[in-house]
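K.L.:
As a plain string of letters, each chain reads:
There are 4 protein chains.
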Amino acid sequence: MKNTFGTSVAITLFGESHGEYIGAVLDGLAPGISVDREYIEHMLFLRRPEGKISTPRQEKDEFKIVSGMINGKTTGTPLTILIPNENVKSGDYAELKTLARPSHADYTAQCKYHGFQDGRGGGHFSGRITAALVAAGAICKSALEQKGIFIGTHVKKCGGVSDRDFTDYKSDIASLSEKNFAVLCDEAEEKMKSRILEAASEGDSVGGILETAVIGIPEGVGEPWFDSVESMLSHMMFSIPAVKGIEFGAGFGFADMKGSVANDPFKIENGKIVTEKNDNAGINGGITNGMPIVFRTAIKPTPTIFKPQNTVDFKAMTDAVIEPKGRHDPAIVHRARVVQDAATAIVLCDMLSGRFGTDWLKGSE
Amino acid sequence: MKNTFGTSVAITLFGESHGEYIGAVLDGLAPGISVDREYIEHMLFLRRPEGKISTPRQEKDEFKIVSGMINGKTTGTPLTILIPNENVKSGDYAELKTLARPSHADYTAQCKYHGFQDGRGGGHFSGRITAALVAAGAICKSALEQKGIFIGTHVKKCGGVSDRDFTDYKSDIASLSEKNFAVLCDEAEEKMKSRILEAASEGDSVGGILETAVIGIPEGVGEPWFDSVESMLSHMMFSIPAVKGIEFGAGFGFADMKGSVANDPFKIENGKIVTEKNDNAGINGGITNGMPIVFRTAIKPTPTIFKPQNTVDFKAMTDAVIEPKGRHDPAIVHRARVVQDAATAIVLCDMLSGRFGTDWLKGSE
Amino acid sequence: MKNTFGTSVAITLFGESHGEYIGAVLDGLAPGISVDREYIEHMLFLRRPEGKISTPRQEKDEFKIVSGMINGKTTGTPLTILIPNENVKSGDYAELKTLARPSHADYTAQCKYHGFQDGRGGGHFSGRITAALVAAGAICKSALEQKGIFIGTHVKKCGGVSDRDFTDYKSDIASLSEKNFAVLCDEAEEKMKSRILEAASEGDSVGGILETAVIGIPEGVGEPWFDSVESMLSHMMFSIPAVKGIEFGAGFGFADMKGSVANDPFKIENGKIVTEKNDNAGINGGITNGMPIVFRTAIKPTPTIFKPQNTVDFKAMTDAVIEPKGRHDPAIVHRARVVQDAATAIVLCDMLSGRFGTDWLKGSE
Amino acid sequence: MKNTFGTSVAITLFGESHGEYIGAVLDGLAPGISVDREYIEHMLFLRRPEGKISTPRQEKDEFKIVSGMINGKTTGTPLTILIPNENVKSGDYAELKTLARPSHADYTAQCKYHGFQDGRGGGHFSGRITAALVAAGAICKSALEQKGIFIGTHVKKCGGVSDRDFTDYKSDIASLSEKNFAVLCDEAEEKMKSRILEAASEGDSVGGILETAVIGIPEGVGEPWFDSVESMLSHMMFSIPAVKGIEFGAGFGFADMKGSVANDPFKIENGKIVTEKNDNAGINGGITNGMPIVFRTAIKPTPTIFKPQNTVDFKAMTDAVIEPKGRHDPAIVHRARVVQDAATAIVLCDMLSGRFGTDWLKGSE
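Residue numbers (the numbering used here), protein chains in the order written: chain H, 803 to 1167; chain R, 803 to 1167; chain Z, 803 to 1167; chain V, 803 to 1167.
Among the hints, a few may not be true.
Note that identical chains are pooled: a pair holds if it fits in a single copy or bridges any two copies.
[As the list claims (entries may be wrong)] Straight line, CA to CA, 25 Å or less: simulated DSS-like cross-link-like pairs of lysine-lysine:
| id | residue 1 | residue 2 |
| --- | --- | --- |
| 1 | K1117 | K1079 |
| 2 | K1117 | K1069 |
| 3 | K899 | K875 |
| 4 | K1069 | K899 |
| 5 | K1079 | K899 |
The hints are simulated quantities; they were obtained by calculation from the structure and are not laboratory data.
Construct the complete structure from the given sequences, taking the supplied hints into account.
P.N.:
Structure representation (structure tokens):
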């Protein structure tokens, strides 16, 4: 349903890049969940551009929570987060720019909104909106941690450089939460950053792959048709701007496997059923089996680059050349990782609350 | 919402592998759409196992439409398709098998349904259920064709053998509709089949990749948050058993691209805005731009294989070895392609009817 | 979403009066719920026309359950009920009748379905479809009883004759389940029946009021906005053909009350919070308080009567006179009571499963 | 779905009586709809308490629109309205009051939110939240007027005094839009007001009935199952605090009618199909027939009164007596009428956009 996602726990996103506020309404969260401002601030900090490898524009993300919280805890009614956009004059008359940036939403917005869209800074399509998603997701992520469920995302690949795989999920996830640039292997960070800087120096940009792991998820969550765990997570992930692919476990690697290699044998370990390996990413038949959920998303390079590109003026209906100026990210993959964490947390809160009831995430009185 | 998907046009799936009927309710289709039995039969035929590369079990799929159609046209009210399961004694007392087949849903079904699941032949998790999805999707696909929208899926990869890419979408899609084994390059068929037979002879199975193209889709369909075209299609595709990944356009290939390569420049062609190439798969910012929608899914190898595998007895909570016998598919990728066509058609009918109104697909009186 | 209602537990209705089958898919029910065929048959029996006060047409309602049940218990996957329509030749070419019966859906169906609707016997608008709702609701009602929740509906008014109010909910509800003509006061039955016969002898019909009570519902169920208990129940009840009003507790009587009279004081009774009286029908702020839920629906007289009435031919666009012949109910209020029971049960299963988790209604293994 | 209602056009409500902001996100509105601040202000003004017959507390409702609008027109993306609560210190530690006001949501909030609810001034249950509903509905109502659809609500009954019925819908609706106290017959206003003042002087409150008419609605809108026009409107109306009943057209009056009286004969008038009278309220089989939609809601007396009442302390679990002090409305029916207008407009925008496409309400470029 458009800008609302979820059933038991739902998020509604609103706002434009240059509007007065962006924000989110998070509905259906159990009452009594602690809302930790520092936790939210930290996740917003991780989303913000950093140094030379990102846009020099700095936003402070001074969010406020204007409903659904009292005495630092959720009330159980809609929790609304507002994040002001700074240096924005909301009353300004804005003339729509009609040169479509290639692979941006400029032209499709025109097709859908017929010229009434807010085109300033990408409007409602701006990556800026993900700040609200991150703030809402931070509350969800923190609530899940109280239930022993942990989420971590690292930059698996960026600018052609690969990070190592997860080895020990628990300690790897813990280590990622401390890092500004989320890689498991420190050398990868330096190499990735130099590739990003290299692209930036050419006025170009790079893409990458994000990998997310979730541990501690109970078994028996998800539906065979149509709300499989993969379905719900992918639905959400493809809302994140720039995501163009997702794979679970061995994913596209399954294409070259035989069944005897692809299957994950079960065994009993400490009185619990586990799998010997986890190529199916903790999901069989759309339902969790208790093993870690692992997925990777493909992040396309930032479409705004500082090179001349062929395009059209969609109002004049003429061919044109566009050469953007200003400040933009030569890569967003390292910033998007915290968006992916947040988005994952929201989906899981929804699925768990639907499965086990709306009080399941509840804190103690 | 579980076994129902869609808003303007919705499908509800029901049935178990060994129940009396499997079926689908297709709701929200415009009135007056021609329902072509032969078209449906042909798609069901393409889904059925074929010769040595599939299970020798043969089902006739003698579907009947018991509501929502009169005089060969949709009425606009729920259209119900029933497909009988043959040689099934529905009253039988069935004891649940408690040896979990690795990477099957046996164990997760136990976690979710607590022993009450119908375990016979995979129950509600069986690929058999996709026959109902195919029949419903056939009606949608045929309705879309009346509006100039065509869908085609080929086996991009199977058993390590690759098919060629789409070149001319229109003629490629047309050629696929005639083929039992959907490849664009005939040599690929022979090679893939021999790999499948080879795996079969070892009691093993192979995976693959399916690639779908959609042409003729109007621009301006889809939502920035959360119901992007990618979100809706992926949500549906991950319901198809064995799908473990999806990518749109360049997909995971974007990870190694620079923006200057990844972007699709616009141009005017015959008075219409098009892109010079289509790495973004006809979707910018979650919304169609009028270019072909192209995506690939990763299909894991059939998990049922005829080799001994480690597993558990989930009732006795003991380690065990399972060595399935019987008839199974050494590959399903070539059968799943028509499921992917059907599933795509349903999603598009939903999105188009939501965008342009519930009469948009309507036939003439 | 059109012909599907509910989130955690959902029902999808399909079928036409003269189609091959009518039916329902009931999705989301917990696994392990006993499905009692006799219970369902009894509720279907109560819905069927009885003697002179109803249409002489007799349907046997030989339902079958074709999915979602094994060994007499729900599996947790979609449960599908099929009820064949007898003496129906489904392949018949059917010409649409174009004389609109006043206050029927003939004309509005034309507006919505543009001539493609199945007009035979009311098609998808027929009261016949409620048989499937009753069968599905019977399973829900029986499941609720296992949790100590009981539902009963009586004919509060019919043909100008009133039944007495509920006095002891528990015994009144129990007594209603035994009665073919559901009144609490036996004299009312005779008077109502003679009014119905009187109307029938004139070729006319009568309306009435149905009153439903629910006991044993846990407190804390429902939402302030927008899914109040009243919202959910009314949404469902207005799907029942002929319902044109609903009121909870004192309902329209509140209009003439003062707050000091309207309010229901709380008190402690046996260590539990109850109200001294129950004019608010067990619902405060949209949420249950543990007291009985009580509501009444207004049932309009059957629109098909055997008197000449002014109307139009909606194809010829001319004024006309219609004088229906055949067999019809001079009243449906006494038959609709079991539909109201069933519809109530479905809504409550949905709300309770959403609140307390999808296993809440589960039987023991 | 809890605090979100609607599919094609959806509203999400948030906020508490003493929080920093209340507000609404209105999603799915077509792009290019003029947003008239004065129109919104006027509707908010009509909702505000007036003189002696209402609470003396005055709120200014200085709303702002922080997303989804540019250059005075909707963009097509979520439109967010914020209304600050004045004189509220949002950081205050608030101890929950545990004496339950009879027929208020105090106790049910406790059952649902376990002590974490914001109890200040009714929290999320406060009638205050309807200000956001009114502001959002004002935009919808104004958009409908551009399409020739007009909505008007009058106080049909208050304190035992009745207003006259609608006679000429068009002029009656027009006259209501000008009135602070919405009655069609001026004498009724004086009588009603004196009854309200009388109740106020006793520390008591009165209830009433609101009647809404909608003209200009296209035929063919609504669904037979389960989203009938009555279902959708009632679902929404029962969200409005204090609504305990709804009836369409003759409503509960049908109970005493015969079919020959209840039916609305069709006729051709000026080349259009109309009904001779309109007891079915413009809805047959759940679908509009083009005649006015007419419905009435029962509004219970304000539960907060200044008389001692029996109740409980739900924390101490003891009987108690409550005697509220402060400022409260002796009647809300005259204020709620504009809430009913707004709520109706939102439902209709949703149903029309779903039926005719998301551009149907669009303004010209």
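K.L.:
Each hint should be assessed against the structure and marked as holding or not.
P.N.:
Do the hints match the structure? See the list:
In this assembly of identical chains, the alpha carbons of K1117 and K1079 lie at most 25 Å apart only when taken from different copies (22 Å versus 55 Å within one copy). Within a single copy, K1117 and K1069 get their C-alpha atoms only as close as 63 Å, which misses the 25 Å cut-off; across copies the closest is 13 Å, which meets it. Proximity of K899 and K875 under a CA criterion of 25 Å is satisfied inter-copy only: 17 Å between copies versus 44 Å inside one chain copy. In this homomeric assembly, K1069 and K899 come within 25 Å of each other (Cα to Cα) only across copies, at 17 Å, whereas the closest approach inside a single copy is 60 Å.
Taking the shortest Cα distances, K1079 and K899 sit within 25 Å of each other only across copies (23 Å), while inside one copy they are farther apart (52 Å).
Going through the hint list in order, the structure satisfies each hint without exception.
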